[in-house]
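Undergrad: Protein chains in written order, with the working numbering: chain A, 1 to 111; chain B, 1 to 111.
These are computed hints drawn from the structure, not numbers from a lab. Where hints are given, some of them may not hold.
Covered by chain B, per the in silico footprint, the following chain A stretches (three or more residues, Cβ under 8 Å) [unchecked claim]: (1) 36-42; (2) 53-61; (3) 98-110.
Cut-off 27 Å, straight-line C-alpha distance, at most; resulting in silico cross-link-like pairs (DSSO-like, lysine-lysine) [stated by the list, open to error]: (4) B:Lys98 with B:Lys68; (5) A:Lys71 with B:Lys49; (6) A:Lys9 with A:Lys57; (7) B:Lys49 with B:Lys61; (8) B:Lys49 with B:Lys103; (9) B:Lys103 with A:Lys57; (10) A:Lys70 with B:Lys98; (11) B:Lys61 with B:Lys103; (12) A:Lys71 with B:Lys98; (13) B:Lys68 with B:Lys103; (14) A:Lys57 with B:Lys49; (15) A:Lys14 with A:Lys71; (16) A:Lys57 with A:Lys70; (17) B:Lys98 with A:Lys9; (18) B:Lys49 with B:Lys98; (19) B:Lys49 with B:Lys68; (20) B:Lys98 with A:Lys57; (21) A:Lys9 with B:Lys103.
Built from N, CA and C at the ideal position, the CB exists for glycine as well.
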Amino acid sequence: NAGVTQTPKFRVLKTGQSMTLLCAQDMNHEYMYWYRQDPGMGLRLIHYSVGEGTTAKGEVPDGYNVSRLKKQNFLLGLESAAPSQTSVYFCASTVNTGELFFGEGSRLTVL
Amino acid sequence: AQSVTQPDIHITVSEGASLELRCNYSYGATPYLFWYVQSPGQGLQLLLKYFSGDTLVQGIKGFEAEFKRSQSSFNLRKPSVHWSDAAEYFCAVGRDDKIIFGKGTRLHILP
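Using the sequences provided together with the hints, build the complete structure.
TA: Okay, structure coming up:
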């Protein structure tokens, strides 16, 4: 049972490049979340989804886009990466705002 | 605005001493409440959660938390800490489909 899988786990980008982080869960969870973790800032919610085809903005959505075309997948996109987006990104899923199941994280560096 | 506050950025306690980590929230109604722990370089693990009912919640690893509605608090406690408890602890609240985290408290253990 894989749980929540994030790919890639590491990525280095140059300013202005684009990329997509993929989150896949095999637990049939309706709710999925993308967070970024920065030292001293905790986890900040970027975007979330309450079901297939739905997305909503979190605390820090600017510069990011998301899509939930399939229930098991939640994609986080950066259209034009900036150094301020250097962070560790965590995806998580849950049944109904209950216990979050986290992926292992994706470390992104923007030069 | 909805918020989660962990007033203490760092806490240092001696091994065997008791521990209390503070968490306050600002929401219009009682949210779901959680405590997570993150060891260095690791993902997040759920310690305990409160949805309703008994305001004293027992969790894993000997932790407990008490929900106090009048104080909008959900403080985490442990009677006797072990060196392996050194980690970062996050309080989180769930409401209106969002799950928001505090900035975390880093726990240091003195031998």
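Undergrad: Hints first: check each against the structure and report whether it holds.
TA: Tested hints:
no., hint, verdict
1, 36-42, "holds (count 3)"
2, 53-61, "holds (count 3)"
3, 98-110, "holds (count 7)"
4, B:Lys98 with B:Lys68, "holds, 21 Å"
5, A:Lys71 with B:Lys49, "holds, 25 Å"
6, A:Lys9 with A:Lys57, "holds, 23 Å"
7, B:Lys49 with B:Lys61, "holds, 14 Å"
8, B:Lys49 with B:Lys103, "holds, 18 Å"
9, B:Lys103 with A:Lys57, "holds, 19 Å"
10, A:Lys70 with B:Lys98, "holds, 20 Å"
11, B:Lys61 with B:Lys103, "holds, 22 Å"
12, A:Lys71 with B:Lys98, "holds, 18 Å"
13, B:Lys68 with B:Lys103, "holds, 20 Å"
14, A:Lys57 with B:Lys49, "holds, 24 Å"
15, A:Lys14 with A:Lys71, "violated, 31 Å"
16, A:Lys57 with A:Lys70, "holds, 18 Å"
17, B:Lys98 with A:Lys9, "holds, 25 Å"
18, B:Lys49 with B:Lys98, "holds, 15 Å"
19, B:Lys49 with B:Lys68, "holds, 14 Å"
20, B:Lys98 with A:Lys57, "holds, 10 Å"
21, A:Lys9 with B:Lys103, "holds, 23 Å"
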